Amino acid sequence: MMRDVVITGIGLASSLGEGIETHAAALASSVAPIVDTESFAPYPVHRLKPLELDRQIPKKSDQRQMEPWQRLGVYAAGLALDAAGLKDDAEAKSELQVIVAAGGGERDHAVDSAILTGLRGANQPGAFLNERLMGDLRPTLFLAQLSNLLAGNIAIVHGVTGASRTFMGEEQAGVDAIRTAHARVASSQAEIMLVGGAYNAERRDMLLLLEAGGYLRKGDFAPVFERQDVPGLITGSAAAFLVLESTERAKARGAKVLAGLSHVAADRARRSEQGAVEASLRKLVAGFGTVSSSALVISAATGAAGVTSEEASAIASLPAAKRVAAGDLVGHSLEAAFPISVALAAIALANDQASEAIVTGAGHWRGEGAARLVKA
Amino acid sequence: MSAQHRDSKGRPVVAVTGLGVVTSLGQGKQTNWEALTAGRSGIHRIERFPIDGLRTTIAGTVDFLFDAPFTAPELSEKLATLAAEEAVSQSGLGSDGDFPGELFMAVPPVEMEWPQKQELAQAIDGDVDYDGLLRAAATHKHKPMHELFLFGGVADHIADRFGTKGSPISLSTACSSGATAIQMGVEAIRRGETSAALCVGTDGSVHAEALIRFSLLSALSTQNEPPEGASKPFSKNRDGFVMGEGAGALVLEDYDHALARGATILGIVAGCGERGDGFHRTRSSPDGKPAILAMQDALADAGLTPDDVDYINAHGTSTPENDKMEAMSCSAVFGERMARLPISSNKSMIGHTLTAAGAVEAVISLLTIANGRIPPTINYNQPDAAIALDVVPNTARDAKVRTVISNSFGFGGQNTCLVLTAPPEPA
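From first to last, the protein sequence lines are chains A and B.
Sequential numbering of the first sequence, starting at 0, is according to numbering that gives the first Met the number 0.
Sequential numbering of the second sequence, starting at 0, is according to numbering that gives the first Met the number 0.
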């Protein structure tokens with residue numbers, strides 16, 4: 000027997016700022032995005048609006064043991080727990096299951112650069128590399144880099160002692176995190192889940208990986224669906240976490256329900272076939288039943304060539320009242336992108352901006368996901 | 000097909016119908032089983048990269064698959080492919096390239112490696128910095144690096160190779176990842192989302208920087224001579240783990256689905272337990288509570304009690320901390336019986352296969368059940384009086400084993416335990 004799943008907590012932080020009100024206002028008034036075209040030129044980046052970390056991560060020692068993406072994620076997770084009224088509920092936090100969509104840690108750019116320069120003239124490159132890594136890597140850096148340590152830090156900082164799992168794999172990790180969390184609550188395999196992701200865009204090592212594949216937009220900002228001149232991602236630092244639970248449980252503990260999460264689905268089209276991504280997205284959304292003509296559509300589209308136009312076509316076929324690209328508000332945040340779009344949709348519903356929302360997202364190189372949210 | 004069999008909680012029963020494994024001991028179940036029961040070690044001096052200046056110079060690397068240099072994701076994918084081919088072939092499920100189920104993969108986190116960065120740096124005049132590397136990348140002459148170092152790459156390629164259905168999962172729960180991959184397969188089958196799952200844990204990530212990172216955390220054994228003696232779980236002189244490589248693959252299947260097609264049932268994944276630990280990033284709670292609860296949860300999930308367990312396949316890393324905590328936690332769960340309950344660590348022979356360990360050791364646990372023989376903990380020459388255990392020292396032992404609990408514990412407070420049982424007796 001499947002149970003209804005509701006969202007009772009949202010934690011969202013981005014270049015626009017933090018919290019439900021900030022992002023509700025952005026959705027309502029289509030504010031200009033905050034884009035920095037200088038710091039990482041020629042790559043525009045939506046930089047994070049600085050956080051008062053102490054508010055969610057009180058211990059400086061904890062802050063020091065994390066990298067920016069982990070601090071951002073732990074912060075947003077804390078916002079979600081606060082919003083759900085769970086921060087001080089030790090019993091709930093002991094059964095709270097966590098799924099995090101995460102990438103990896105940041106390189107020490109200075110160390111890498113110095114080693115690469117030195118390697119050129121080294122007589123024994125292998126020995127040189129060993130010596131420099133043994134001497135120059137911070138011992139704790141490794142822990143700040145491990146993908147699952149965002150979840151680990153959420154446990155330590157917020158006292159969440161339920162089990163955690165970390166999904167990797169770019170955008171689709173975020174889709175599958177939400178999908179799995181939803182399925183586990185719906186099927187009674189879990190009572191309450193914290194799910195989300197965080198991405199720090201202000202790092203050249205990630206820009207390097209994406210640029211190697213030719214996936215980044217250069218120059219100025221342009222809306223996600225209007226980048227035909229120079230297609231590509233404009234990445235943004237952002238994080239979103241959601242608290243999901245069954246309707247019954249939310250009711251029983253008197254929690255404020257922000258939105259219902261009725262469906263989540265994912266697939267993986269064979270991208271060698273043109274139109275496969277559009278067909279995949281259409282099929283996923285069709286599985287949710289009839290979409291109302293007043294629905295809000297929020298797309299986690301990346302801006303990458305090809306797949307973004309296919310996602311645009313899939314969205315255009317829906318009888319929706321309004322279509323929003325999350326990237327136009329906060330940029331593209333890889334693993335966090337789909338959770339952010341679901342969070343934005345939930346915020347719109349909680350603020351009476353819509354009564355139904357469809358979320359879509361085709362990853363920049365693989366994977367498609369969709370979700371349907373309804374007014375609680 | 001009418002659903003006939005349900006577990007004690009009314010859920011579909013999850014059968015194992017295919018197993019595959021690769022470790023430093025060799026490729027395939029047969030080779031590994033012979034070596035493991037002979038007490039042979041796969042740990043050796045590292046030849047893959049220069050070891051000058053390193054405190055640890057040994058590992059259980061898999062060196063028999065490539066002639067030319069390779070990256071961690073390439074080796075991880077190759078290991079996973081071989082293990083999955085063996086498992087899928089044994090299961091007889093689907094046809095080649097068309098596996099009728101979902102994919103759950105534990106994969107090591109990857110990032111661009113030094114040879115690739117050096118390749119990009121070649122184009123730079125003067126000192127290297129990331130802006131220079133970005134300019135080199137912007138020529139798009141190095142396109143394959145993108146897909147190679149994406150976190151979802153390995154699982155995507157495995158999904159292509161085997162034709163698994165749906166969105167493949169790439170996951171990490173650090174050193175318990177392999178067990179989590181199996182747990183996720185179990186959950187998907189219990190939810191009725193899929194009647195089969197291919198669950199794989201793979202790790203081929205022993206390179207200089209990976210080794211140095213663990214070394215800087217003082218996690219690795221530095222007793223390099225002789226290499227095969229370094230991994231000595233539960234011994235008094237244990238001084239750290241030895242990195243290993245390998246892959247384990249399991250085909251999980253709804254029991255009724257497997258029966259209906261006449262498949263051979265190799266065992267049952269009867270229960271899973273997982274607990275987080277918010278105590279510290281690398282150390283476990285001093286009271287061992289999360290590990291204890293994970294084992295108790297797994298047993299409860301299986302509808303079994305501690306008395307039903309015949310053997311513990313230990314996490315047993317050979318670090319001072321893990322082995323002490325694991326022994327303490329097991330004693331809390333199994334009480335006085337712990338003095339007689341066999342517990343052994345495969346890592347004494349294959350090292351710690353990290354991301355793959357939970358899957359590799361689940362495969363070995365099921366082979367233990369099938370063969371009625373418990374692989375030993377080798378290098379057990381100095382018992383630790385503080386943790387009196389029957390570690391099946393140094394020599395394999397024949398025993399009737401119907402129920403195994405396999406433990407996996409990882410950095411970041413990850414504790415995952417699986418209860419694996421023999422196939423049901425024919426009615």
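Hint data in this document are derived by calculation from the structure and do not stem from the laboratory.
One thing to keep in mind: the hints can contain errors.
What the hints assert, rightly or not - No farther apart than 25 Å at their CA atoms in a straight line, the calculated lysine to any residue pairs in the SDA-like style are these: (1) Lys164(B) / Ser186(A); (2) Lys288(B) / Gly158(A); (3) Lys217(A) / Asp128(B).
Fair warning: this is a prediction, and the values are worked out from it, not measured in the lab.
Against the structure, the hints:
A C-alpha spacing of about 21 Å is found between Lys164(B) and Ser186(A), which places the hinted pair at or below 25 Å, so the restraint holds. With a CA separation close to 14 Å, the supplied pair Lys288(B) and Gly158(A) stays within the 25 Å bound. Proposed proximity of Lys217(A) and Asp128(B) is supported: the alpha carbons are some 19 Å apart, at most 25 Å.
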